[in-house]
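Chemist: From just these sequences and the hints, can you work out the full model?
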Amino acid sequence: MLWYAGCGIVKQESQNLLHGRIARILQQFQPRGGLVTQSAETDLQDKLSLDTMACLTIRRPDAACSACADICPAQAITIDARDIELDHDLCTGCARCVAACPTGAMALPAPHPKAEDVLTFDCSRVAQADRQCDTQIVPCLGGLTASQLLESLVGHGKIALVDRGWCAICPSGGCAEPWANAVQSVESDLGDHAAALQVIAAPIPESRARPAPQPRRPRQQSYSRRQLFQRLTTPTPTPDRRSVTADQPFSGKVNAPALIQRRDALRRLHGTDTLPAALFPALDCTGTPDMRLAASLCPTHALSLSQMPDADALIFDAALCLACGDCEKAGAIRLHAQGEGHYTGPVTLARQAMADCPKCLRRFAPRDDQRICDGCHKDNDLAASAFGLMRRTQVPYGA
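Counting in this note's numbering, the sequence shown tops out at residue 399, every number present.
The set of hints was computed from the structure by calculation and includes no laboratory data.
Heads up, some of the hints might be wrong.
Stated by the list, open to error - Label-pair distances were calculated between CB atoms; the ranges are:
1. Lys158 - Asp264: 42 to 50 Å
2. Pro171 - Gly331: 44 to 52 Å
3. Ala353 - Lys158: 52 to 60 Å
4. Pro257 - Arg351: 27 to 35 Å
5. Ala323 - Gly165: 44 to 52 Å
6. Leu361 - Leu335: 47 to 55 Å
7. Gly155 - Lys47: 21 to 29 Å
8. Asn181 - Gly252: 21 to 29 Å
9. Gly375 - Cys175: 53 to 61 Å
10. Pro109 - Ile200: 19 to 27 Å
11. Ala64 - Asn181: 16 to 24 Å
12. Gly271 - Pro309: 37 to 45 Å
13. Arg351 - Ser185: 53 to 61 Å
14. Met308 - Gly271: 54 to 62 Å
Unchecked claim - Mimicking EDC-like on lysine to aspartate or glutamate, the simulated pairs with C-alpha atoms at most 20 Å apart in a straight line are:
15. Lys329 - Asp369
16. Lys359 - Glu328
17. Lys253 - Asp317
18. Lys253 - Asp310
19. Lys158 - Glu85
20. Lys253 - Asp356
21. Lys378 - Asp356
22. Lys359 - Asp381
23. Lys329 - Asp62
24. Lys329 - Asp379
25. Lys253 - Asp62
26. Lys47 - Glu85
27. Lys359 - Asp379
28. Lys329 - Asp290
29. Lys378 - Asp368
30. Lys253 - Asp51
31. Lys329 - Asp317
32. Lys359 - Asp369
33. Lys253 - Asp290
34. Lys47 - Asp62
35. Lys359 - Asp374
36. Lys359 - Asp310
37. Lys253 - Asp83
38. Lys158 - Glu206
39. Lys158 - Glu187
Keep in mind the model is a prediction, meaning the values are calculated, not measured.
Where a beta carbon is used, it is the ideal one built from N, C-alpha and C, also for glycine.
Modeler: This is how it looks when you write it as structure tokens:
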């Protein structure tokens with residue numbers, strides 16, 4: 001009797017834990033899935049999404065990216081090996097994690113402003129009486145990404161961000177200018193036309209502001225007895241720290257929708273597909289790099305290996321480069337912060353002649369007048385040596 005009662009208690013107490021574990025497992029197999037959530041009492045899970053194919057933490061844990069968790073003012077994001085967890089009950093909805101993501105893996109539905117000559121962004125805490133006409137309201141100015149600002153400039157002559165002066169003490173702000181990184185990036189991209197983006201200081205007493213967003217519940221500090229024992233007995237997953245070689249590259253490339261949006265927006269702003277190369281990082285070769293290793297080390301599709309019948313080519317797309325410098329580990333490659341000349345698209349960074357071995361059909365890089373690969377050449381030498389030993393005249397013992 002007690003045994004059955006105990007089973008019922010176990011089932012009742014572990015129901016939520018089981019649901020969370022199943023959600024975590026299913027999320028790993030979704031090409032485009034939502035963030036793992038601890039609560040379904042909010043509609044944020046229907047808005048804030050995570051593209052698992054674009055997340056460095058999930059696809060390339062060696063990159064050790066924690067940009068979203070570091071910037072979150074509510075500490076609602078926790079990162080583990082190949083796993084990102086968002087506590088929606090702690091999330092204030094500021095979207096600063098979206099702006100901080102280098103690849104654009106985290107996303108919210110884009111705003112649809114009206115067609116105005118000047119598009120003005122303002123904080124959602126501003127009271128209706130203090131708002132300007134036709135102002136685009138956002139949860140937090142720090143949640144605006146650089147690509148969103150560039151795309152807004154495509155449809156509007158100018159854009160303005162209104163600073164109300166309370167960001168430093170706001171739970172969603174966390175600093176005096178949470179929009180600074182995005183604005184500096186856009187100003188750098190615009191160059192001489194940086195005046196199209198303005199930050200207008202229009203302070204309002206905080207007493208007139210709407211209530212600041214608050215977490216829906218405080219973070220749980222205590223655990224039930226069963227939860228405590230489960231945490232103690234569950235081993236902590238270790239990150240994937242295996243070494244990268246030409247024969248064992250890292251698995252999978254990371255999509256970078258934010259970089260693609262930036263490139264496309266810049267092309268529309270310039271009215272041409274040819275852009276200044278100074279807008280993107282640059283690579284050059286000081287010798288012959290290990291092309292397969294370099295392409296494997298690159299987390300995005302900036303470096304790729306193209307195989308042709310008579311050669312292999314290392315293709316570089318500067319617009320998709322994160323400037324992480326991992327490719328330099330392959331040797332004979334140098335990274336520069338800015339390019340020279342013009343960017344028109346992917347270019348061939350290095351090229352190496354290739355051939356197919358007629359004996360083993362393996363692809364190899366031939367030297368001058370080399371017909372077969374080194375492995376087959378060694379096999380021929382070994383066979384010739386063995387044949388020569390067999391044909392040698394044996395000397396009688398004791399002669």
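Chemist: Compare the distance between the alpha carbons of Lys329 and Asp290 with 20 Å, and conclude whether the hinted pair is satisfied.
Modeler: holds, 9 Å
Chemist: Hint says 47 to 55 Å; check whether the CB-CB distance for Leu361 and Leu335 agrees.
Modeler: violated, 36 Å
Chemist: Cβ-Cβ distance between Lys158 and Asp264: within 42 to 50 Å?
Modeler: About 20 Å separates the Cβ atoms of Lys158 and Asp264, which means 42 to 50 Å is violated.
Chemist: Keeping to a limit of 20 Å between CA atoms, is the pair of Lys378 and Asp356 held or broken?
Modeler: Within the cut-off at roughly 17 Å; holds.
Chemist: Take the C-alpha atoms of Lys158 and Glu206, compute the straight-line distance between them, and say whether it is at most 20 Å.
Modeler: Roughly 28 Å between the alpha carbons, so the hint for Lys158 and Glu206 is violated.
Chemist: Would the pair Lys253 and Asp290 pass a check requiring their Cα atoms to be no farther apart than 20 Å?
Modeler: holds, 18 Å
Chemist: Taking the beta carbons of Pro109 and Ile200, is their distance inside 19 to 27 Å?
Modeler: About 26 Å separates the Cβ atoms of Pro109 and Ile200, which means 19 to 27 Å holds.
Chemist: Quickly compare the C-alpha distance for Lys158 and Glu85 to 20 Å and report which way the hint goes.
Modeler: Violated, at about 37 Å.
Chemist: Check the hint pairing Lys47 with Asp62 against an upper bound of 20 Å on the C-alpha distance.
Modeler: With Cα atoms ~29 Å apart, Lys47 and Asp62 exceed 20 Å; violated.
Chemist: Given the hint of 53 to 61 Å, check if Gly375 and Cys175 actually sit that far apart at their C-beta atoms.
Modeler: Once the Cβ atoms are compared, 59 Å apart, the range 53 to 61 Å for Cys175 and Gly375 holds.
Chemist: For Lys253 and Asp356, compute the direct alpha-carbon distance and say whether it is at most 20 Å.
Modeler: Given pair Lys253, Asp356 is violated - Cα atoms ~27 Å apart, limit 20 Å.
Chemist: Is Lys47 within 20 Å of Glu85, Cα to Cα?
Modeler: At roughly 15 Å apart (the allowed maximum being 20 Å), Glu85 and Lys47 satisfy the hint.
Consistency with the previously given hints fails for numbers 1, 5, 6, 13, 14, 15, 16, 18, 19, 20, 24, 34, 38, ordered from lowest to highest.
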